[in-house]
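Trainee: Build out the structure end to end from the sequences listed, making use of the hints.
These protein sequence lines map, in sequence, to chains A and B.
Reminder that position 26 of the first sequence reads as 31 in our numbering, one-by-one numbering, no gaps.
Reminder that position 169 of the second sequence reads as 174 in our numbering, one-by-one numbering, no gaps.
Calculated from the structure, these hints are not laboratory results.
Even glycine gets a Cβ: it sits at the ideal position worked out from N, Cα and C.
Warning: the hint list may mix true and false statements.
[Claimed, not checked] Computed beta-carbon distance windows for the label pairs:
id, chain 1, residue 1, chain 2, residue 2, range
1, B, 69, A, 297, 48 to 58 Å
2, A, 62, B, 150, 45 to 55 Å
3, A, 65, B, 71, 44 to 54 Å
4, B, 98, A, 190, 48 to 58 Å
5, B, 249, A, 147, 55 to 65 Å
6, B, 96, A, 279, 51 to 61 Å
7, A, 42, B, 249, 16 to 26 Å
8, B, 311, A, 30, 27 to 37 Å
9, B, 249, A, 340, 33 to 43 Å
10, A, 123, B, 319, 12 to 22 Å
[Claimed, not checked] Chain B stretches covered by chain A per the calculated footprint, using a threshold of three residues with CB under 8 Å from any CB of chain A:
id, segment
11, 15-26
12, 74-84
13, 224-233
14, 251-265
[To be verified] Not everything, but these chain B residues come out facing chain A in the computed CB check (under 7 Å):
id, residue
15, 30
16, 38
17, 45
18, 46
19, 49
Number of protein chains: 2
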Amino acid sequence: MSGVVPAAGTISLARGVPSPDLLPLAELEHCAAAAIRRDGRVALNYGGPGGYGPLREWLAERHGVRPAQVLATPGSMLGLNMLIAELVEPGTPVGVDATTYDRALRSLRAAGARLVPPSEPARVRYVQPTFHNPSGETLGFDARVALAEAAIRDGTVLIEDEPYGLLRFEGEPLPTVSELLRERGAGELAVYSSSFSKSVAPGLRVGYLVVPETLVARLEARILATYVSPPVLAQAQLHAFLDRGLLEPHLARVTAGLRERRDALVEALAEHVPGATWTTPAGGYFLWAELPVDAAALLERARAEGVAFEPGAGFAAFGGAERAARLAFSWESPGALREGVRRLGRLV
Amino acid sequence: MSGVVPAAGTISLARGVPSPDLLPLAELEHCAAAAIRRDGRVALNYGGPGGYGPLREWLAERHGVRPAQVLATPGSMLGLNMLIAELVEPGTPVGVDATTYDRALRSLRAAGARLVPPSEPARVRYVQPTFHNPSGETLGFDARVALAEAAIRDGTVLIEDEPYGLLRFEGEPLPTVSELLRERGAGELAVYSSSFSKSVAPGLRVGYLVVPETLVARLEARILATYVSPPVLAQAQLHAFLDRGLLEPHLARVTAGLRERRDALVEALAEHVPGATWTTPAGGYFLWAELPVDAAALLERARAEGVAFEPGAGFAAFGGAERAARLAFSWESPGALREGVRRLGRLV
Numbered sequence: 006m007s008g009v010v011p012a013a014g015t016i017s018l019a020r021g022v023p024s025p026d027l028l029p030l031a032e033l034e035h036c037a038a039a040a041i042r043r044d045g046r047v048a049l050n051y052g053g054p055g056g057y058g059p060l061r062e063w064l065a066e067r068h069g070v071r072p073a074q075v076l077a078t079p080g081s082m083l084g085l086n087m088l089i090a091e092l093v094e095p096g097t098p099v100g101v102d103a104t105t106y107d108r109a110l111r112s113l114r115a116a117g118a119r120l121v122p123p124s125e126p127a128r129v130r131y132v133q134p135t136f137h138n139p140s141g142e143t144l145g146f147d148a149r150v151a152l153a154e155a156a157i158r159d160g161t162v163l164i165e166d167e168p169y170g171l172l173r174f175e176g177e178p179l180p181t182v183s184e185l186l187r188e189r190g191a192g193e194l195a196v197y198s199s200s201f202s203k204s205v206a207p208g209l210r211v212g213y214l215v216v217p218e219t220l221v222a223r224l225e226a227r228i229l230a231t232y233v234s235p236p237v238l239a240q241a242q243l244h245a246f247l248d249r250g251l252l253e254p255h256l257a258r259v260t261a262g263l264r265e266r267r268d269a270l271v272e273a274l275a276e277h278v279p280g281a282t283w284t285t286p287a288g289g290y291f292l293w294a295e296l297p298v299d300a301a302a303l304l305e306r307a308r309a310e311g312v313a314f315e316p317g318a319g320f321a322a323f324g325g326a327e328r329a330a331r332l333a334f335s336w337e338s339p340g341a342l343r344e345g346v347r348r349l350g351r352l353v
Numbered sequence: 006m007s008g009v010v011p012a013a014g015t016i017s018l019a020r021g022v023p024s025p026d027l028l029p030l031a032e033l034e035h036c037a038a039a040a041i042r043r044d045g046r047v048a049l050n051y052g053g054p055g056g057y058g059p060l061r062e063w064l065a066e067r068h069g070v071r072p073a074q075v076l077a078t079p080g081s082m083l084g085l086n087m088l089i090a091e092l093v094e095p096g097t098p099v100g101v102d103a104t105t106y107d108r109a110l111r112s113l114r115a116a117g118a119r120l121v122p123p124s125e126p127a128r129v130r131y132v133q134p135t136f137h138n139p140s141g142e143t144l145g146f147d148a149r150v151a152l153a154e155a156a157i158r159d160g161t162v163l164i165e166d167e168p169y170g171l172l173r174f175e176g177e178p179l180p181t182v183s184e185l186l187r188e189r190g191a192g193e194l195a196v197y198s199s200s201f202s203k204s205v206a207p208g209l210r211v212g213y214l215v216v217p218e219t220l221v222a223r224l225e226a227r228i229l230a231t232y233v234s235p236p237v238l239a240q241a242q243l244h245a246f247l248d249r250g251l252l253e254p255h256l257a258r259v260t261a262g263l264r265e266r267r268d269a270l271v272e273a274l275a276e277h278v279p280g281a282t283w284t285t286p287a288g289g290y291f292l293w294a295e296l297p298v299d300a301a302a303l304l305e306r307a308r309a310e311g312v313a314f315e316p317g318a319g320f321a322a323f324g325g326a327e328r329a330a331r332l333a334f335s336w337e338s339p340g341a342l343r344e345g346v347r348r349l350g351r352l353v
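Mentor: Here you go:
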């Protein structure tokens, strides 16, 4: 894969991977060395199961929780899997959106969860209120309050997954549902998952969980048995990046780059794919398009034309979404996105 | 914890953790930056499930296998857990030594393995032929051949765990049992697990598996579902360290430091703990001592005197080892080791 149209000509609107030109290479080069100079004897050894202390403190302050409630994991998928192992037994009713993150669906199914739609009460509910994968949509304030209040009414543990939260192109940030739960004295229902893979660099593998006090010891025991210690050096390196104030200028550059890509995608869809409909995402990596044709059949023909995307059905918890597609605008250049959509339009 | 006697006075002979003065701080500082300069666009992004290509190639050459057979994992415990999930179902007979690595025992039990002693045929067998944890012992050539031939006779998959293999103080390296299996045309039974946590730095979290071709696709699918991608940057950093020829001089320094600690421990045991017996390890982190008293009772009193160690019973697969102790000499300075053993001797 490459940030420009590769020789083979395949344009990927499939994977939620950042374009290499959006990675803060020079900054992380300095931070890698700085983390070892500053704290190498700690950062290069085993750490506690929750990860590098100063990073946990930085995140705890940002989220308004105690540092012990923050568990920095080797990527957020592993954290999500630890949560699922802890909270879901075969038959546990787990609420999910009709279309939702495919890897989360697979993990929940593998754990034997009984998936139920949002309208039904559930023991656990998996939500992505901000820059949803795959839909790209963001819940407004009232919908967040409604989520929190429904969780309190039903005693549902909410797993709020927000890896794209920092990648906002327009509009004002909203409180997380976890914050709304804590404000209402229901912090024991608030589980939050995020990552720096989408906002800084996937190769660091720094995800994190913010969990209620009641879950800390259980998750730490599971971490010790599963991987002993997370990659402390990468966490120290990321902490140096955050501590030096490099996050905000980096996010300004990344969101500008992603917005340009989103705009190219949206303009190309409007121009080349008549009959397609979508909600323009205000951030994140993905646009969810309803197509006038079957997406799986289109993908087969698109591959022959050197274009890849994710058909919607893979994200559908209860079936359907056959005419939908998840289009990622994070990987390709604006020019490649336009060319990819032009080819799709010819096929539609 | 600290490399010298800490203020609180607790001397730890318990944890298998390297002393910070054995970590290659300056070298890794340079390699961190070099890895990003050289290959940052790859190293800072997601990688394939098997890890950073050049590291897999380096390891494949060292082990005489194809790069696809090498899976670099975020620490070897996670790799071992992936293997156990793949190979062990409830009731699977798994051969283990009478005393063996406590975390492996816990993972095998959690997977429902039926643990059987080495004398019984098994579907899977977990062995540590080199610098065994906890015994510190190393199998000779003939014993390795016998292990390989028994595995071939019974069709047993051997999981050979060798994280301490590079830390040899004296004597010549021996072929791994995996190599002996491959030489005998039984590579499908050879599963090898190792790590750079003990030999370079735990904070990198770079473990690796060398597996038969038949297991590659299954493990890669499991990795994708569990953690998507390992920490590629740390693997690229380690590869820069290896590629620049820094491993051999570093190992010379580390083994000298560990040998000095082992010698201090052995001399102190001989001087201060009459009635204790042990086999002096030729490498690794641990010495296994048979004591003239109950180890758990001794530990309770030792803690009050500011000394910690691991009682043998936690490593015993089938009970016993009540009078044994695992003494780690990796963490404390030679002086602290002597003082710790002096205190133990007073209590014995």
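Trainee: Are the hints correct? Go through all of them and say.
Mentor: Going down the list of hints, with the structure as the test:
1. B/69 - A/297: 48 to 58 Å: holds (56 Å)
2. A/62 - B/150: 45 to 55 Å: Roughly 54 Å apart at Cβ, these two residues keep to the hinted range, so it holds.
3. A/65 - B/71: 44 to 54 Å: holds (45 Å)
4. B/98 - A/190: 48 to 58 Å: holds (51 Å)
5. B/249 - A/147: 55 to 65 Å: Once the Cβ atoms are compared, 58 Å apart, the range 55 to 65 Å for residue 147 of chain A and residue 249 of chain B holds.
6. B/96 - A/279: 51 to 61 Å: holds (59 Å)
7. A/42 - B/249: 16 to 26 Å: This hint holds: roughly 19 Å between Cβ atoms.
8. B/311 - A/30: 27 to 37 Å: violated (47 Å)
9. B/249 - A/340: 33 to 43 Å: holds (39 Å)
10. A/123 - B/319: 12 to 22 Å: violated (46 Å)
11. 15-26: holds (count 3)
12. 74-84: holds (count 4)
13. 224-233: holds (count 4)
14. 251-265: violated (count 0)
15. 30: holds (4 Å)
16. 38: Because about 5 Å separates residue 38 of chain B from the closest Cβ in chain A, which is inside the 7 Å limit, the hint holds.
17. 45: Since the shortest Cβ distance to chain A is 4 Å, the answer is holds.
18. 46: holds (4 Å)
19. 49: Holds. Min distance 4 Å.
Going down the numbered hints, you'll see the structure goes against 8, 10 and 14, while the others check out.
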